[in-house]
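So the protein lines, in turn, are chains A and B.
So that you can map any letter, position 111 of the first sequence is 111 in the numbering used here, and since no number is skipped, the others follow by simple counting.
So that you can map any letter, position 4 of the second sequence is 222 in the numbering used here, and since no number is skipped, the others follow by simple counting.
Think of the hints as simulated: they come from the structure by calculation, not from any bench.
Among the hints, a few may not be true.
Per the computed footprint, the stretches of chain B lying under chain A, defined by three or more beta-carbons under 8 Å from a beta-carbon of chain A, are [what the hints assert, rightly or not]: (1) 219-228; (2) 278-284; (3) 301-312; (4) 332-342; (5) 354-361; (6) 404-414.
Sample of chain B residues facing chain A (criterion: CB under 7 Å; computed from the structure) [stated by the list, open to error]: (7) Pro266; (8) Ala316; (9) Tyr348; (10) Tyr388.
Using C-beta positions, here's what the derived DEER-type ranges look like [said to hold, decoys possible]: (11) A:Asn32 to B:Pro428: 49 to 55 Å; (12) A:Ile29 to B:His350: 26 to 32 Å; (13) B:Met219 to A:Ile29: 42 to 48 Å.
From the three backbone atoms N, C-alpha and C, an ideal C-beta is built for every residue, glycine too.
There are 2 protein chains.
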Amino acid sequence: MKLYGYFRSSTSYRLRIALELKGIEYENIPVNLLESEQKGEGFTSRNPFGSVPMLEGGGRDRAQSMALIEWLDEAYTERPLLPADLEDRYTARELAYAIATELHAPLNLPVLKYLRDPLGHSQEEVGVWYRHWLSRTLDPVEARLAQLGTGDFLFERPGFFEVVLLPQVYNAQRFDFDFSDKPHITRIERACLALPEFQRAHPDNQIDSPEYNGEAPR
Amino acid sequence: MKLYGYFRSSTSYRLRIALELKGIEYENIPVNLLESEQKGEGFTSRNPFGSVPMLEGGGRDRAQSMALIEWLDEAYTERPLLPADLEDRYTARELAYAIATELHAPLNLPVLKYLRDPLGHSQEEVGVWYRHWLSRTLDPVEARLAQLGTGDFLFERPGFFEVVLLPQVYNAQRFDFDFSDKPHITRIERACLALPEFQRAHPDNQIDSPEYNGEAPR
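Whenever a hint applies, use it, and build me the whole structure from the sequences.
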């Protein structure tokens with residue numbers, strides 16, 4: 001498989017974690033979002049959404065990260081990301097889709113750019129916007145985790161929820177979001193980052209990252 | 219089952235269509251978003267997201283519309299919303315999740331309110347914002363439908379994609395979005411609205427709608 005992505009794109013990061021957790025080999029092909037490579041015709045003819053990640057594999061180019069993750073888990077049944085039990089599946093999806101549907105888009109690069117131009121907002125106002133929407137979804141995610149009595153992961157091992165959570169936390173840290181009142185999210189993040197799958201998927205360990213030190217496994 | 223929703227909420231509308239298409243009986247309980255009923259403690263103690271729809275059923279309160287729809291389709295296997303074939307499932311989810319993850323949140327009421335206050339934008343600027351994000355996702359959705367050679371529905375009968383598409387189109391029409399260059403979306407919308415399941419789910423036919431004429435079946 002070939003994963004077209006960008007080291008810092010949170011949806012690309014989701015896919016890297018999902019592929020790593022499932023043990024699926026892939027080639028990482030950087031797409032430079034800052035130079036709008038994803039909007040070039042060579043790219044949009046394959047993916048009309050003009051977005052990363054795009055996964056080439058199984059005879060097809062696929063473009064939407066959540067649809068991709070659901071497909072991966074159905075097509076490659078070993079090391080499932082979603083638990084087997086129906087109620088647990090709902091729980092994992094509730095928390096993952098809260099982040100993916102409510103929170104991701106208002107924080108995504110195109111929206112932040114639009115706030116600056118044409119709407120004319122300052123970087124400080126954009127930061128306030130960013131942290132406002134983070135609280136609005138991560139507060140109830142934390143509350144649900146507390147209700148559920150979560151340990152190091154939502155279930156026994158990291159899966160569907162952690163695939164979506166970790167990239168959002170990474171993103172939030174770049175905007176100085178305060179996680180001190182979120183012990184469950186913080187504990188899960190630490191437990192994930194201790195695992196080699198999450199380390200290999202981390203933005204800093206991608207070849208298009210300025211942090212890349214040449215030692216990452218891909 | 220009890221569906222807590224608001225007639226005009228597009229995520230509540232998704233759930234009504236899903237329940238109707240699956241033939242699942244439910245009681246519709248209006249929650250007045252304009253009076254912030256969903257933020258009252260009686261509600262948030264059951265649903266920390268303070269959002270509609272909330273579905274009470276199967277011994278649990280469930281809160282996130284996409285997780286709910288995935289759960290409904292797994293728990294009630296008759297009249298599936300997702301097709302059986304893995305590739306078709308990816309296709310349905312790609313288009314549905316494009317709308318649910320990229321498009322829904324920037325158009326949702328809390329974001330539109332925030333643009334007016336504290337950001338101070340006019341109703342006209344909010345309208346430009348709204349139509350900008352609509353184009354950005356509905357243009358590639360239309361392009362994918364053209365690539366796929368779609369008929370009256372994405373597949374033989376309406377399902378997962380139409381559940382998400384119809385509420386977004388209804389919403390867009392309220393903001394005078396121009397669909398004249400979107401023949402595929404327009405044709406699918408018309409074919410859906412000709413069906414009794416979509417008519418019963420329509421916002422105008424809910425008891426909390428000012429359009430309600432007392433003749434809707436619930």
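Structure-based check of all given hints:
no.: 1; hint: 219-228; verdict: violated (count 0)
no.: 2; hint: 278-284; verdict: holds (count 6)
no.: 3; hint: 301-312; verdict: holds (count 6)
no.: 4; hint: 332-342; verdict: holds (count 3)
no.: 5; hint: 354-361; verdict: holds (count 5)
no.: 6; hint: 404-414; verdict: violated (count 0)
no.: 7; hint: Pro266; verdict: 4 Å, holds
no.: 8; hint: Ala316; verdict: 5 Å, holds
no.: 9; hint: Tyr348; verdict: 12 Å, violated
no.: 10; hint: Tyr388; verdict: 18 Å, violated
no.: 11; hint: A:Asn32 to B:Pro428: 49 to 55 Å; verdict: 50 Å, holds
no.: 12; hint: A:Ile29 to B:His350: 26 to 32 Å; verdict: 29 Å, holds
no.: 13; hint: B:Met219 to A:Ile29: 42 to 48 Å; verdict: 46 Å, holds
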